[in-house]
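Chemist: Listed below are the residues making up each chain.
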Amino acid sequence: MSAPVLEAIAVTKDYRLGKQPIPVLRGIDLAVQPGEKLALLGTSGAGKSTLLHVLGLLDAPTTGEIRYDGERVDQRSVAERARLRHRQIGFVFQFYHLIPELTALQNVMLSGMMATSVLQYWGVRKAAKAAAIAMLEKVGLGHRLHHRPAELSGGERQRVAIARALVAEPRVILADEPTGNLDSQTANGVVELMFSIQRERGLAFVLVTHDENLARRCDRIVRLRDGAVVT
Amino acid sequence: MEEIVHALLGLQVGLTTAIALLLVVGLLLFKLLQAGSVLIAGPKYAQFLAIRYLLTRPINLVGMLGITVGVWALVVVVSLFSGVLSVLEGHLHAATGDCVATGVPPWAPWPKLDAALRDDANVAATAPRLLHYGLLVRPGHRPPPLPLPGRGALHGGDQPFLFVLGVDPAAEAEVTGFRQWLHDPAIPPELRAPDASNPLAPRDGLPTVLVGLQRMQREGLRVGDRVVWTTARLVPDSQGNATPEKLQVELVVGGAFKSAHGGFDGNNVFLALDTMRGQLAADDAQSVQEIVVRLHDAGDAALLATAERLQRALHRATERMDRGYGTVMTWREKNANFLASVEHQRGLLKIVLIVIMVIAAFLMLATLSMMVTEKTGDIGILTAMGGTPRGVTSVFLACGIVITLVGTGVGLATGCLTAVYLEEVRQAVRWATGVDLFPLDVYNLDRVPYSIEPLWLLQVTLAALAVGFLVSFLPARRASRQDPLVSLRGI
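Protein sequence lines correspond, in order, to chains A and B.
The first sequence begins at 10 in the working numbering and counts up one residue at a time.
The second sequence begins at 842 in the working numbering and counts up one residue at a time.
Heads up, none of these hints are tricks.
Quick list of in silico lysine to any residue cross-link-like pairs, SDA-like style, CA-CA up to 25 Å:
(1) 953(B) <-> 966(B)
(2) 1191(B) <-> 1304(B)
(3) 135(A) <-> 881(B)
(4) 953(B) <-> 1166(B)
(5) 1191(B) <-> 1179(B)
(6) 1191(B) <-> 1266(B)
(7) 28(A) <-> 1326(B)
(8) 138(A) <-> 882(B)
(9) 135(A) <-> 889(B)
(10) 138(A) <-> 95(A)
(11) 1191(B) <-> 1286(B)
(12) 138(A) <-> 896(B)
(13) 138(A) <-> 893(B)
(14) 1191(B) <-> 927(B)
(15) 138(A) <-> 158(A)
(16) 1087(B) <-> 981(B)
(17) 953(B) <-> 1120(B)
(18) 147(A) <-> 205(A)
(19) 138(A) <-> 881(B)
(20) 1191(B) <-> 1176(B)
(21) 135(A) <-> 125(A)
(22) 28(A) <-> 72(A)
(23) 147(A) <-> 209(A)
(24) 138(A) <-> 151(A)
(25) 147(A) <-> 191(A)
(26) 135(A) <-> 893(B)
(27) 138(A) <-> 897(B)
(28) 138(A) <-> 178(A)
(29) 1191(B) <-> 1294(B)
(30) 147(A) <-> 158(A)
(31) 147(A) <-> 210(A)
(32) 135(A) <-> 896(B)
(33) 28(A) <-> 1327(B)
(34) 1087(B) <-> 1076(B)
(35) 135(A) <-> 882(B)
(36) 138(A) <-> 889(B)
Taking CB as the label site, the calculated pair distances span:
(37) 1300(B) <-> 131(A): 31 to 39 Å
(38) 160(A) <-> 1326(B): 22 to 30 Å
(39) 1315(B) <-> 131(A): 24 to 32 Å
(40) 864(B) <-> 210(A): 54 to 62 Å
Hints in this document: simulated from the structure, not taken from any laboratory.
Computed from a predicted model, the values in this text were never measured in an experiment.
Every residue, glycine too, gets a C-beta built ideally from N, C-alpha and C.
Use the sequences and the hints to build the structure in full.
Modeler: Given below as structure tokens:
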């Protein structure tokens, strides 16, 4: 068995309600291997999304550690964590979170602009555009490049979000209820697409869901209840 | 020793102030450049998103328009006032000469004073003047009525009370614009002095008076008309006290003059120096009251230095009982109050217009703040994609910077263009509405003047950029402090 690409070690997370700490995660230990599809399953309020945000360095654990490739990263600076998010992690959200002013192509290209300055981007702009077009074609949206999110269906929007998450070639995909806002037929198509790209690229895939059927399609299921791993 | 200490202290204070000012200006420029560099050296997504946000949200044009109007108004109004001030300075300079000696005592003879002043190497020419006052009325007519309320020293031709200048035409022409005033193209041939080489020569045995063109036209005066100059002179009585005595002198109108300054034309008439002397100071055949002086070098530094030397020369020439009399002033000092009043108006307008720009900046602050509130979701996804708080700040800062740069640039360009074509704008407005925004006759002008001062443009640009960047920074900073998780969960 290879070394995990992503680890959570004894992670706790408390939120505060006034002076009262509210525990949301209670000592989570988790390791995700390269190429593994892991489902985080649990009811609403179990702490799935919070754990995903902590794993994705969007939120800091109260105690415990987050490691990427064996290196602790949760204590790094804001800029270093942002750089790591850009290089290593791709997010897919339930509500797509596309930028409404941009076309599908521009939304995907935006990912390539995150870590480059205006001057640096000038030299790579053609390659970045070509990569974005190729990724949109891969998710079946080659004919919708110049449409804005408002002109796309829910499934198409999620495909754009997937293309945006993948175009920077991350090693880990963190998906938070990616099919939660889609009908079953569209959801099935989106899941097939995500898994096929995951297999093709050997990505680590962490999927938050409360859908048992979807979770069963993953390599491993981790069940959360009241902020703790139950299986 | 004490003087040296004071001088050193003064130098220290001056240096400290200069260094502090340099530091403040330097820091401001550095911050402006740093903020402006976001568009070039900042993260690409900040510039990319800022431009898309601006293009797809017309509400941001309101802030841009506010900055544009503020800068436009500052450029146009100040250029207009600077133009007026520049023209007025030219008029006043031409009427006063480079320097003027006033309050010359009656016992000092003109040849002695003239020699004392001409002794200075920088003096090119001098001209003596006598100054008096009075009413000029055509026989059988009443004096003109009082001027309309609100019409003051700038307006010519409707003041019943006149200053009478006794001059030597040849000498006056060497120092002031006297010769040009008689040849102004606006003077109709029938109102011109028939003998321009000696315009104050007596006619029909009567002394000649030169009257401002506007007054001649208003009162229907013609060359050769008789007028009576009514005034008073002081006559010493048996106890040696001076008592006023009514004086009426019949004059003949010799022609019109027109300087570039309506107030000068409307409030002054010219008589021959000898005529004035004969009527007012027959006993002092060589006395003068004022001497106007033209210099070879009338640059600012030479002007002040020469005025100081002439002051000393005048005091030596008028010395009595160890005391000298008379005051020498530069043309600027002589007209300081008038120029200061126009400058004061310009300063007040600057303040009003800067307030307008601050209001425009608040408008921009409001639109940007609204955008930050609406873009909470975008802030979350940008953070998830690898954006830093600083990068998120850059997005909204870049929006503000683009608004400020475009607003300032358009304001400067349209402001300069409007200033250059202000006369055409005035005519167009008058043609369309009948309203004359800038009555030229008030200032005796042919067209609306303007003077675009590069230093003022620089000041306006820096002020607009500083205000714009400052108000951009506040909402941008708020954006960077948004919790990305709140925004990601919020939709």
